[in-house]
Amino acid sequence: MNKKYWIAFSAIEQLDSTFIQRLYNYFGDIETAYKASLNDLKQIEGLSVKKAENFIEKKKNINPDKALEEVQRRGINFVTFDDTKYPYMLSQIYNPPMTLYYKGDLFGCNLEKTVAFVGSRKASFNGKEGVRKIISDLANTDICIVSGLASGIDSVSHESAIANNLKTIGVIASGFDYTYPASNRHLYEQIENGCGAVVTEYYPTFQPIKFRFPQRNRIVTGLSYGTVVGEAAMKSGALISANLTLEQGRELMCIPGAINNVNTEGVYKLIKDGASIVTSGDDILNVLNWEKTQKAGEAASENLDNIPQDPVQKLIFDIIRVEPKSFDEIQGLTKLDTESLLTALTMMELEGFAEKTEGDRYKRV
Numbered sequence: 000m001n002k003k004y005w006i007a008f009s010a011i012e013q014l015d016s017t018f019i020q021r022l023y024n025y026f027g028d029i030e031t032a033y034k035a036s037l038n039d040l041k042q043i044e045g046l047s048v049k050k051a052e053n054f055i056e057k058k059k060n061i062n063p064d065k066a067l068e069e070v071q072r073r074g075i076n077f078v079t080f081d082d083t084k085y086p087y088m089l090s091q092i093y094n095p096p097m098t099l100y101y102k103g104d105l106f107g108c109n110l111e112k113t114v115a116f117v118g119s120r121k122a123s124f125n126g127k128e129g130v131r132k133i134i135s136d137l138a139n140t141d142i143c144i145v146s147g148l149a150s151g152i153d154s155v156s157h158e159s160a161i162a163n164n165l166k167t168i169g170v171i172a173s174g175f176d177y178t179y180p181a182s183n184r185h186l187y188e189q190i191e192n193g194c195g196a197v198v199t200e201y202y203p204t205f206q207p208i209k210f211r212f213p214q215r216n217r218i219v220t221g222l223s224y225g226t227v228v229g230e231a232a233m234k235s236g237a238l239i240s241a242n243l244t245l246e247q248g249r250e251l252m253c254i255p256g257a258i259n260n261v262n263t264e265g266v267y268k269l270i271k272d273g274a275s276i277v278t279s280g281d282d283i284l285n286v287l288n289w290e291k292t293q294k295a296g297e298a299a300s301e302n303l304d305n306i307p308q309d310p311v312q313k314l315i316f317d318i319i320r321v322e323p324k325s326f327d328e329i330q331g332l333t334k335l336d337t338e339s340l341l342t343a344l345t346m347m348e349l350e351g352f353a354e355k356t357e358g359d360r361y362k363r364v
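So the sequence shown is numbered by numbering that gives the first Met the number 0: it starts at 0 and just counts up by one.
Just so you know, the hints here were simulated from the structure itself, not pulled from any lab data. Treat the hints loosely; a few may be bogus.
[As the list claims (entries may be wrong)] Below 25 Å or equal to it, Euclidean Cα-Cα: the simulated DSS-like pairs (lysine-lysine) are: (1) K334 - K132; (2) K121 - K355; (3) K291 - K268; (4) K57 - K34; (5) K234 - K268; (6) K112 - K132; (7) K362 - K132; (8) K34 - K132; (9) K3 - K132; (10) K355 - K291; (11) K121 - K313; (12) K334 - K362; (13) K112 - K234; (14) K294 - K324; (15) K121 - K334; (16) K121 - K34; (17) K291 - K50; (18) K132 - K291; (19) K355 - K132; (20) K65 - K41; (21) K132 - K2; (22) K313 - K234; (23) K121 - K132; (24) K355 - K313; (25) K41 - K57; (26) K355 - K112; (27) K294 - K313; (28) K294 - K362.
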């Protein structure tokens with residue numbers, strides 16, 4: 000079984016995927032590549048002797064059988080670069096991960112309709128709402144949402160996918176021994192338990208070190224046919240992802256936001272440079288030339304089901320149509336007494352028509 004040698008390669012922290020791929024391509028077999036001597040490696044034209052010596056030294060500490068056993072003991076699945084199931088879009092990038100670890104049902108996701116959402120960790124309220132709105136337009140379809148399981152736009156993208164009956168793939172910047180950020184533990188569990196898959200190129204014990212996050216971004220974009228930028232400052236990981244998207248020959252899309260928000264400066268630069276503007280799910284479908292396909296057995300909800308029928312609730316629903324409003328603002332516009340308004344808002348929350356947001360404001364669901 001040669002799978003253990005792919006795992007052994009990935010268990011050496013100092014190796015990158017390009018080094019492993021170079022050896023695999025040269026020897027044509029992963030076991031032969033792993034067992035190669037320093038003299039064998041020196042025959043590879045252009046290969047750094049220092050990297051070769053480092054590999055020979057580091058692999059002395061790796062037992063391939065033990066490395067594989069540790070992965071299996073943790074219940075982690077994996078797919079290797081030589082496997083026919085390896086995601087096609089990811090295989091086409093410059094430096095694909097040689098081993099992709101995952102939890103959940105990676106191949107239950109439609110890998111032929113994947114779109115990435117990236118953006119600021121400190122996203123604005125409007126930025127998050129924009130992502131929620133666009134993903135909700137794709138509800139109950141066979142489209143898969145890919146993101147990086149960080150806070151901000153990433154978390155909202157995964158949460159919105161789950162809320163709208165879409166599969167989602169979260170790409171993390173560490174091994175599975177770590178959950179980062181810790182606040183997303185429940186989100187990890189949701190994705191792993193029926194809503195998609197969490198994936199990583201890192202061996203289980205590898206920590207979420209800073210340099211691994213931009214490395215992770217190439218997998219987020221590499222798995223996807225296109226990338227949507229929610230919010231991005233001029234110097235941000237989202238801009239790195241945008242550049243990777245273009246380098247990989249994929250479609251780049253941006254959600255326009257408030258021009259006075261520092262997190263939209265990068266977005267507007269990308270738009271000026273030619274990125275497509277998206278303000279709805281249909282815009283994504285048009286850019287990627289996809290048909291909107293309902294999941295088997297799923298039917299689109301009737302519009303009437305999404306609008307309150309009670310006259311007072313309908314009035315409030317219209318008032319919060321454009322942007323969230325506080326209790327006092329709603330009361331000023333409806334002229335309702337406090338008890339009646341509280342009752343109406345409580346019922347709207349219970350029936351799923353409205354919810355409280357940051358600053359005790361009410362918004363449409």
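Hints versus structure:
no.: 1; hint: K334 - K132; result: violated (29 Å)
no.: 2; hint: K121 - K355; result: holds (20 Å)
no.: 3; hint: K291 - K268; result: violated (30 Å)
no.: 4; hint: K57 - K34; result: holds (13 Å)
no.: 5; hint: K234 - K268; result: holds (11 Å)
no.: 6; hint: K112 - K132; result: holds (19 Å)
no.: 7; hint: K362 - K132; result: holds (12 Å)
no.: 8; hint: K34 - K132; result: violated (52 Å)
no.: 9; hint: K3 - K132; result: violated (44 Å)
no.: 10; hint: K355 - K291; result: violated (31 Å)
no.: 11; hint: K121 - K313; result: violated (33 Å)
no.: 12; hint: K334 - K362; result: holds (19 Å)
no.: 13; hint: K112 - K234; result: violated (29 Å)
no.: 14; hint: K294 - K324; result: violated (35 Å)
no.: 15; hint: K121 - K334; result: violated (36 Å)
no.: 16; hint: K121 - K34; result: violated (46 Å)
no.: 17; hint: K291 - K50; result: violated (48 Å)
no.: 18; hint: K132 - K291; result: holds (16 Å)
no.: 19; hint: K355 - K132; result: holds (16 Å)
no.: 20; hint: K65 - K41; result: violated (28 Å)
no.: 21; hint: K132 - K2; result: violated (42 Å)
no.: 22; hint: K313 - K234; result: violated (43 Å)
no.: 23; hint: K121 - K132; result: holds (18 Å)
no.: 24; hint: K355 - K313; result: holds (17 Å)
no.: 25; hint: K41 - K57; result: holds (17 Å)
no.: 26; hint: K355 - K112; result: violated (33 Å)
no.: 27; hint: K294 - K313; result: violated (31 Å)
no.: 28; hint: K294 - K362; result: violated (28 Å)
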